[in-house]
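Mind assembling these two chains? They're in different frames, but the hints should get you there.
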Amino acid sequence: MKTLKVKKEFYLLSVLIIGLILIVGDFWQQLYFSDSNYQLEKGERVEIVPGDILEQQFISNRNGLGEVGILFGGKPLPEGYFLELILADEKCQQKLRTEIIRGKFDFDSDNLYKFRFKPLAQSKSQKYCLQIVYQTDLQQPKEREVRLFANKASSKTALPAVRIKPTKIVFNKTGKSQKKTNGKNTAEKIDNEKDTAGVIDDKKVESEAINHSQLQEKQGYDSPIVFRPGYKNGSIWRNWQELNQRISQYKPWFLKGIYLDAIFVLMVGLSGYSIWLLLKK
Amino acid sequence: MKKTKLLLFFILTAFFVRELFLIAVLPIFRGQDEARHYNTVQYLATGMEKNCQFVEIDGVKTYKPNKQNKKDLSTYRYSDEIREVAHISQIAALRGEEYEKISFSFDYNGVGENEFKKQKHSRQQSFCPPDIATSAFGKDYLGWYHRGLVWVENLLQKQDIFVRVFSLRIISALLGTSILWLAYHIFRTIDINTKQSLLLTAIISFLPKFSGYFTNINYDSLLIFTWTFFTFWGVKILRFGWTPKRAFGIVVALLVGIFTKPTALPLLGALLFLFWRAPRKELQQLAVGKFLKILFSGGALIALYNLSQKAHLGEMFSNEYLSQLFVYLSKSLPKIYGSSRDYWGVTGWGGTNLTMGYVYIIWFMEWLAWIGLFVWVAGPYIYKLSERLSVRKALKKTRRALILNGWIARTTERKKYFWFMLLLIVLLQVAVRVADWKIFVGTHSLVLGTPGRYWLPNVVPHFALLLYGWRVLFVKIMRFPERWLEFYLQAFLVLTILYWHYKIFDIVIPRIYL
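From first to last, the protein sequence lines stand for chains A and B. According to the working numbering, the stretch in the first sequence is residues 1 to 281, in order. According to the working numbering, the stretch in the second sequence is residues 1001 to 1514, in order.
Don't read these hints as lab results, they were simulated from the structure. Predicted model only: the values in this text are computed from it and were never measured. Heads up, the beta-carbon is just placed ideally off N, CA and C, and yes, glycines get one too. Treat each hint with caution, since some may be false.
Stated by the list, open to error - Taking lysine-lysine and the DSS-like style, the derived pairs with C-alpha atoms no more than 27 Å apart in a straight line are: (1) A:Lys42 / B:Lys1071; (2) B:Lys1118 / A:Lys256; (3) B:Lys1209 / A:Lys256; (4) B:Lys1209 / B:Lys1071; (5) A:Lys8 / B:Lys1195; (6) A:Lys280 / B:Lys1005; (7) B:Lys1476 / A:Lys7; (8) A:Lys280 / B:Lys1002; (9) A:Lys114 / B:Lys1071; (10) A:Lys280 / B:Lys1476; (11) A:Lys256 / B:Lys1117; (12) B:Lys1120 / A:Lys256; (13) A:Lys7 / B:Lys1195; (14) A:Lys152 / B:Lys1071; (15) A:Lys8 / B:Lys1005.
To be verified - Under 8 Å between C-beta atoms, here's a sample of chain A residues computed to sit facing chain B: (16) Lys8; (17) Leu16; (18) Asp26; (19) Phe33; (20) Ser34; (21) Leu40; (22) Gln245; (23) Tyr250; (24) Leu260; (25) Leu270; (26) Ser274; (27) Ile275.
Next comes chain B alone, as it looks inside the complex (with noise of 0.2 Å):
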């Protein structure tokens, strides 16, 4: 057990110390909108008031036109300080051709920056309307992320904005170090061993896409914690029942997920289940009953109506939006093979016959573990129908039937374990789509899509699952012991940790700075 926790310690600091060393290396707002979130924060630090300029246009007063280069952060809606701090780290070279790099100085300080620390830059929004990360719940609602980050933004006010941003992005890799403490125990509740699960935490700590997201400030990052904290609570539930400490872990999780984006309301649809398939036991212990389960369902619908109403999803039944629902689907649904790959870390630039042959190796090895899982899940509806089909006595003789037939009656257990991790890998997915949908509509094109990083809340239910599938399929069907299971993720491990290592020191840094 002390072996254990120390492994597990190594694993969660060696990944902060990456997840440091990432930080370093991604310049400043090189992150996914990362400039706006950390506006954002800027804007609530300075009580959003604002420095607004105007100009009359036709007799009527408006906002100063603001010229807006995509390329070059300097001219976007933002505050001074960050337009300022754009400008001097060069910031529009790195976000053209792969080719162009920043002008650098031989010194560990760059050109003009010593200078500008020196200066004050104002905080204030003085293009207007400020370009913020608001949320569907309105464009005058900001989340819990950007006012809890305003506390370490007010401390560290003094310090120059390097210290700030950065500091800012040391929270997101203590968010993502968090995640993996949960996702260790998570595997553990659900029957997982223990050095399936340490070696499942080492491989999700070196998958990219999760590694890159917690370097950057960004409010999926707390969105991704709270997604895994409420799976944390939520296998708790299914496995030991309810108790006042969990409902209240859950609840946390629920409020702090939705009033972070909206992204997190189907996990009340998961609540529901949590309701109706927890241990009963427990429920008659707390003598909450039949009774207090409908109350509390009907809570969590009502919640869901009127949060869903307030994100006006309730538009979504209009003519408008079904009509072009086929559509949607059309266009969007043939994209996933870009969105899986860009969630196993290939993005655009990064992309070379190396990182895809990654990417097909690890697809592979997916279509097993579904195929397992499809084994696993459909084998008594199968064995039920060979009955009716007169050919059970035929697959009576196989082994492997057998095998099925007796393995499966003892992993029901088990199996709510399976039906969560895909209820909330589908909840997920259908949130997701819901607002893609909802600005397809808008735009008529897929101006959001469904990127990798939007499936990240899911890495522990999808990686709990691929590893029940592997177990079907290597152990229960073709027999291999258990060991073997554990090698074929050792070596899923040395895959991901190599191509960590090639991403990060053969394209991202030499992008960047060679």
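Bound-form chain A, shown alone (with noise of 0.2 Å):
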């Protein structure tokens, strides 16, 4: 019987202590301190279709880029579309951090969605790219888009956003052009039946002399999208006075700085050693 009331306190300590190791575990994931420098707020729609590419340029103004929190609107993603989330160097190139987004997703009308990646310890003053690439699965999709918005007053510094919708021109046999989606799919036959509709045979296009220049097509707007930087510092103690100066601020002295340090050792320590209490037999 001993033994038997042993093990029920047991039990519950450790689920107590998984518990908090847990919850200790997703405040370390969501530990990104947000750019005060941007603000969201909704501005111009951005809608996107499958297959285009979105591309931002910006600065980050730390060292320890983390996160970017993107704000996407309206409708979700529906089942059998992704979104690839690319952090690329400035010249949009080389591929630095990625995440791919699967739909079904809901992106309902407040969201924010936080692009979260292995902090880049050297990013302060550097340029990036972030790319959002729309692509889908199926075989006969239809133009279902994704929004964001963009706004002037988002950023100071980020470039205005860029978007490229691939296109290409192809000649059927009566010797007249079209333009086309590209991409493995695409969401409309050409009205050449005979010809091999939704799928792009690069030695065809070559020998009906596609004008490769014309394969992207770039719509830029005034304003770069709505979206806000994260950033994580190297070392724990570095984030836990970075918190505490946030806390801090429009705070009295005796809940600021070393007090709230104080404050938070103090309640760990007392609660602890109360539910220990309480637990043990």
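Next comes the structure, spelled out in structure tokens:
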């Protein structure tokens, strides 16, 4: 019977400890400090369709860039569609970090999606390129838009966003040219059914004298998209210090800085000890 | 005994320090109606002086119109100082979308904070009529809560507003700590053993709604305290009878409660219960007898009537109100699950699948307790009915029937605590719904509603009833040993601890600071 009693308390303590570890872990995953130079305010609607690439260049204000929050809006990402989020170098060529969001994914009207990645230690004053690539696995996809926002007030330093809509000119047997969206699967079939509609055959395209410079159509916006970088410091202590700084702002002297540290330590100690006493036999 | 006192001390101190941390985490005026309550304190502290601005519109002198933006407290009809601090601390950013944040500096002082503290700011009201927390007793009536806090406001008047506001928040935390002390002693008085009483006290201390509410400047914190204070003296009277000290305690609780917020008026009804159910022996020893019982009951009823008239509750019996009662109830009662979720700490922006999972577990545990309570209360009547239905013989064969019959006889004493706690819960529900109904008739919508925080005055009676119900179900009917009930409470404690930490560290802090 004594063994049974010990086991019960052990189980409870284990559950408590595991639960607290998970909570701390989740907190650590969210511990990115948002860049106060960016304002998230909805503005002009930006809608992309499958095959589009949205590029946004910006300069990181600090070291430890580890997050880019992107404001989406409106319709959810449907099943069979996916967004590839890429953090690339300033020329938008070399991929540094990527993430894929697969549908079905719900972007409700107030959703800020946080693209999180291993922090870039020496990111201060470096220019980066955020690419949002919208693709689909479906053979016959529909034009399902994903909505973002562009706003001049979003950032004073980020460059205006650019939307790249890959297009292609093909000549059918009658010699008439027709624009068609790029990608493995197209949303439209060309009129001439005997051609391999929906499939891009490079060789065939070349033989029909495709103008390669028209492979991509760029649409520039006046403003950057609405997004906000986030940063993580290199050490736990430095992260705690910065969090302490943020919490201390607009507070009285006895709830700032070192006093806040002391309250936190006392809280952990007292709560932990009283819980231990309550849970033990 | 010494160990018990020490453990209680640790529970209370740990709660107070957790409240200090939470007070530090929550930005200024983040609490429910906090700015309005603080403005009320400032209004009283400045002698109710106004510096109103007037304009003439169509030859009529009127207050200068104030264009108020619901998100931005700096546009409200508050004192100049509150408007300025609301602006400088960027409160509007936290009242908008979940992703909005204030602009942080790389320092322990916020943007503009140092400059703000160096300047002098007027605590007078320039925008009229002042937006203050009046009472159902009349728009010129300001409660004892605000009047009490004026003393602290004036003591600290040379300090900046951050020191004053957060000091008043600490007073709320002290009230919360006192409530926990009272809770423990209430549980002990109504025959709950030491360990279970400590566990229940600790569970309440980790309830997010309870914990969060005592970080605010709000007259509800004093109301909850006085309601619990009344409950404390009430159970003492039920157990040990009337004495001058207990009578004095009850009267103080009533006066402070009623003159803080009229929601405490129904406690006069609970007082009648105490007159009639307290042990007679003590009443006879005090030589009060039936005559004084009737006299005091009459006094309570007259006070209830007069105060109800003052709060314009007499109008509720008019045709205008009664005709809308059914409509009101049909709209309000289905929202009880929302109120319950709110009571257990799941707020609008803090709601996730995990938090809803927590609520569903709690609701399941509550239903178990209500089943136990039903069996406990209805058991004797079912047993008597069984005789009439000639099934007593069949029932007698079951062990459970025998147990119930025997146990019910022994726990008649405990039943009076049950009825008292239930009465408190019902009276508060009636009070809250009457106030809600009154506003519904005027506005044709549930503007006030019955949010979960309005149920907090009965957090102690609620948990007492839950424990009674669990004890009947697990110990008496299912025949588990008493220590399994304690294990069950420990598991509940672990659940609330985890939820509290999840809410603060994974929802609140990221929402505001990351």
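Looking back at the hints listed earlier, which ones does the structure fail to meet?
-> Going through the list in order, the structure violates no hint and respects every one.
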